[in-house]
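S.K.: Assemble the complex: chain A is given as a structure, and chain B must be docked to it using the hints.
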Amino acid sequence: GAGVSQTPSNKVTEKGKYVELRCDPISGHTALYWYRQSLGQGPEFLIYFQGTGAADDSGLPNDRFFAVRPEGSVSTLKIQRTERGDSAVYLCASSRPTGVGNTGELFFGEGSRLTVL
Amino acid sequence: DAKTTQPTSMDCAEGRAANLPCNHSTISGNEYVYWYRQIHSQGPQYIIHGLKNNETNEMASLIITEDRKSSTLILPHATLRDTAVYYCIVRGDYNTNAGKSTFGDGTTLTVKP
Numbered sequence: 001g002a003g004v005s006q007t008p009s010n011k012v013t014e015k016g017k018y019v020e021l022r023c024d025p026i027s028g029h030t031a032l033y034w035y036r037q038s039l040g041q042g043p044e045f046l047i048y049f050q051g052t053g054a055a056d057d058s059g060l061p062n063d064r065f066f067a068v069r070p071e072g073s074v075s076t077l078k079i080q081r082t083e084r085g086d087s088a089v090y091l092c093a094s095s096r097p098t099g100v101g102n103t104g105e106l107f108f109g110e111g112s113r114l115t116v117l
Numbered sequence: 001d002a003k004t005t006q007p008t009s010m011d012c013a014e015g016r017a018a019n020l021p022c023n024h025s026t027i028s029g030n031e032y033v034y035w036y037r038q039i040h041s042q043g044p045q046y047i048i049h050g051l052k053n054n055e056t057n058e059m060a061s062l063i064i065t066e067d068r069k070s071s072t073l074i075l076p077h078a079t080l081r082d083t084a085v086y087y088c089i090v091r092g093d094y095n096t097n098a099g100k101s102t103f104g105d106g107t108t109l110t111v112k113p
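If you read the sequences in order, they're chains A and B.
Residue numbers are given in our numbering: position 59 of the first sequence equals residue 59, and the series is strictly consecutive.
Residue numbers are given in our numbering: position 112 of the second sequence equals residue 112, and the series is strictly consecutive.
Just chain A, with the same shape it has in the complex (with noise of 0.2 Å):
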């Protein structure tokens, strides 16, 4: 596709439940990056890749979060044991391989609205 791709779009589970949420970031792009949004505030950073490592997993909030990126495109971030307090919309975004004329700039997708009854 065009952009980066979130699914599910909007998911709902009760607490103590474990959670996927799928990213699928622009062709061609080497570095993808999670957040967490809640309401009312900016994005939170969550932890980053370049390729297939995490390269700065120092946003995750503790060990019920964990991201993988096997084949270094699509990532899965996965909630294990779901909290009420885990209820945010969860961003990802993409860039380009560093090089020459890169701006840097991130492409997000829409989100995926995480609700923890």
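Hints may be right or wrong, so weigh each one.
Straight-line Cα separation of at most 30 Å, DSS-like style, residue types lysine-lysine; simulated pairs [as the list claims (entries may be wrong)]:
#1 A/Lys11 x B/Lys100
#2 B/Lys3 x B/Lys100
#3 A/Lys78 x A/Lys11
#4 A/Lys78 x B/Lys100
#5 B/Lys52 x B/Lys3
#6 A/Lys17 x B/Lys69
#7 A/Lys15 x A/Lys78
#8 B/Lys69 x B/Lys100
#9 B/Lys52 x B/Lys69
Please keep in mind that the hints were generated in silico from the structure rather than gathered at the bench.
M.R.: Chain B alone, transformed into the frame defined by chain A:
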């Protein structure tokens, strides 16, 4: 990444210029200023970025002070569709450090008829 400070909200009349300020007094010499905006229920969208020179593109202009401690995003002729939250971010050179961008809470710009 350096911290930024923006006003919580601003209003602008349709057709007038919207000037959105950002303070980044702890910016380092190799850090760029980026602006994004987020329209309700959408992901943030890149607007413009700069290092020390003023920049202009089809969306906006970016004015960075000589000491680089603050900047202003200018939307020359605001329309109702420019109503959004605007985020100012500073980050290192993407080509040497394609790391995280730290967003604050941004400025909510409301363009009024």
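S.K.: For the pair we were handed, B/Lys52 and B/Lys69, check the Cα-Cα distance against 30 Å.
M.R.: Roughly 10 Å separates the two Cα atoms, so the pair holds.
S.K.: Check whether the Cα positions of B/Lys52 and B/Lys3 lie no farther apart than 30 Å.
M.R.: Holds. B/Lys52 to B/Lys3 sits at ~17 Å (cutoff 30 Å).
S.K.: For A/Lys78 and B/Lys100, compute the direct alpha-carbon distance and say whether it is at most 30 Å.
M.R.: 20 Å, holds
S.K.: Given the hint that A/Lys11 pairs with B/Lys100, test it: the Cα-Cα distance must not exceed 30 Å.
M.R.: Measuring from Cα to Cα gives roughly 26 Å; hence the hint holds.
S.K.: Take the C-alpha atoms of B/Lys69 and B/Lys100, compute the straight-line distance between them, and say whether it is at most 30 Å.
M.R.: The given pair, whose Cα atoms are some 21 Å apart, holds under the 30 Å limit.
S.K.: Quickly compare the C-alpha distance for A/Lys15 and A/Lys78 to 30 Å and report which way the hint goes.
M.R.: Given that 30 Å is the threshold and the Cα spacing comes to 15 Å, the pair holds.
S.K.: A/Lys78 and A/Lys11 were given as a pair; does the straight-line alpha-carbon distance stay at or below 30 Å?
M.R.: 13 Å, holds
S.K.: Measure nothing beyond the straight line between the CA atoms of B/Lys3 and B/Lys100; if it is 30 Å or shorter, mark the hint as holding.
M.R.: 13 Å, holds
S.K.: Given the hint that A/Lys17 pairs with B/Lys69, test it: the Cα-Cα distance must not exceed 30 Å.
M.R.: 46 Å, violated
When held up to the earlier numbered hints, the structure conflicts with hint 6 and nothing else.
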